[in-house]
Structure formats: C-alpha cells, structure tokens
Amino acid sequence: MSDRLAELQRQRTLVQQHLTWLDREIAAAQPGPAPNPVPSPLPSGGNVIAPTITPLADADTILSQYRSEEASLKTDVRKGCLLYASLAFALLILGVFGLYFLLRH
Numbered sequence: 003m004s005d006r007l008a009e010l011q012r013q014r015t016l017v018q019q020h021l022t023w024l025d026r027e028i029a030a031a032q033p034g035p036a037p038n039p040v041p042s043p044l045p046s047g048g049n050v051i052a053p054t055i056t057p058l059a060d061a062d063t064i065l066s067q068y069r070s071e072e073a074s075l076k077t078d079v080r081k082g083c084l085l086y087a088s089l090a091f092a093l094l095i096l097g098v099f100g101l102y103f104l105l106r107h
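One gets my numbering by counting positions in the sequence shown from 1 and adding 2 to each.
Rather than coming from a laboratory, the hints here were simulated on the basis of the structure.
Pairwise CB distance ranges, derived in the manner of DEER restraints:
| # | residue 1 | residue 2 | range |
| --- | --- | --- | --- |
| 1 | GLY34 | ASP62 | 21 to 29 Å |
| 2 | ALA92 | ARG6 | 55 to 63 Å |
| 3 | TYR68 | GLN11 | 35 to 43 Å |
| 4 | ALA73 | LEU101 | 37 to 45 Å |
| 5 | VAL79 | ARG106 | 35 to 43 Å |
| 6 | LEU24 | GLN67 | 27 to 35 Å |
| 7 | SER88 | ALA30 | 53 to 61 Å |
| 8 | SER4 | GLU27 | 28 to 36 Å |
| 9 | VAL79 | LEU101 | 29 to 37 Å |
| 10 | ARG69 | LEU7 | 40 to 48 Å |
| 11 | ASP60 | ALA29 | 19 to 27 Å |
| 12 | GLU27 | TYR68 | 22 to 30 Å |
| 13 | ARG12 | ALA90 | 45 to 53 Å |
Since the structure is predicted, the reported quantities are computational estimates derived from the model, not experimental observations. The beta carbon of each residue, even a glycine, is placed where N, CA and C say it ideally should be.
Take these sequences, add in the hints, and give me the full structure.
Here's what the structure looks like:
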C-alpha cells in the first residue's frame, strides 16, 4: 500500500470519527428522551489517535486558574515599558560616551 493511500485512509477515518462525535453531540443537545448513542467506527488499520474533547466547564476552570486582575495587568505592562525604555536610554547614553571616548583623539 502506498503512503498516499494510507494517509488518505487515515484522514477518512478521522473524518468519520469527527462526524460520529458531531452526531452524538447534536443528539444530546436535542430536547426529548435520551437518544441511543451512536457507536464510533473503529479504524480498520494503523494507530489512529482520537481527539480528546473536554467540556466547556473544564476549559473555564483552567482559564480561571491563569486569569489575573485587570489592574495588576496594567501595572505590570506599565512597569515593563518603563523598564525597557530606561534600558534603551541607558544603552544610548553608554553608546554616546563610548563614541566620545573612542573618537576623542
């Protein structure tokens, strides 16, 4: 089997798995009695890694761990800008003094 054919079959399996997942999510979102779960097709060959899908609640808890207050973010940015500006000014002064001492003679 050629590499291209194997890759196309792998992509087809991934798309089938994604469509199956979409069907399950649509069925779960529809009102009414609990629908029968749609079985996911197993790949015919090769190691296919199924995508892991996390619920939105998990994503919100993860994002809340890394969220910082807006006021502290503004002060951090302001401190960073002042630090970079002072470093750039110090390098400019050092460069001017360096040129002055080198070209003095």
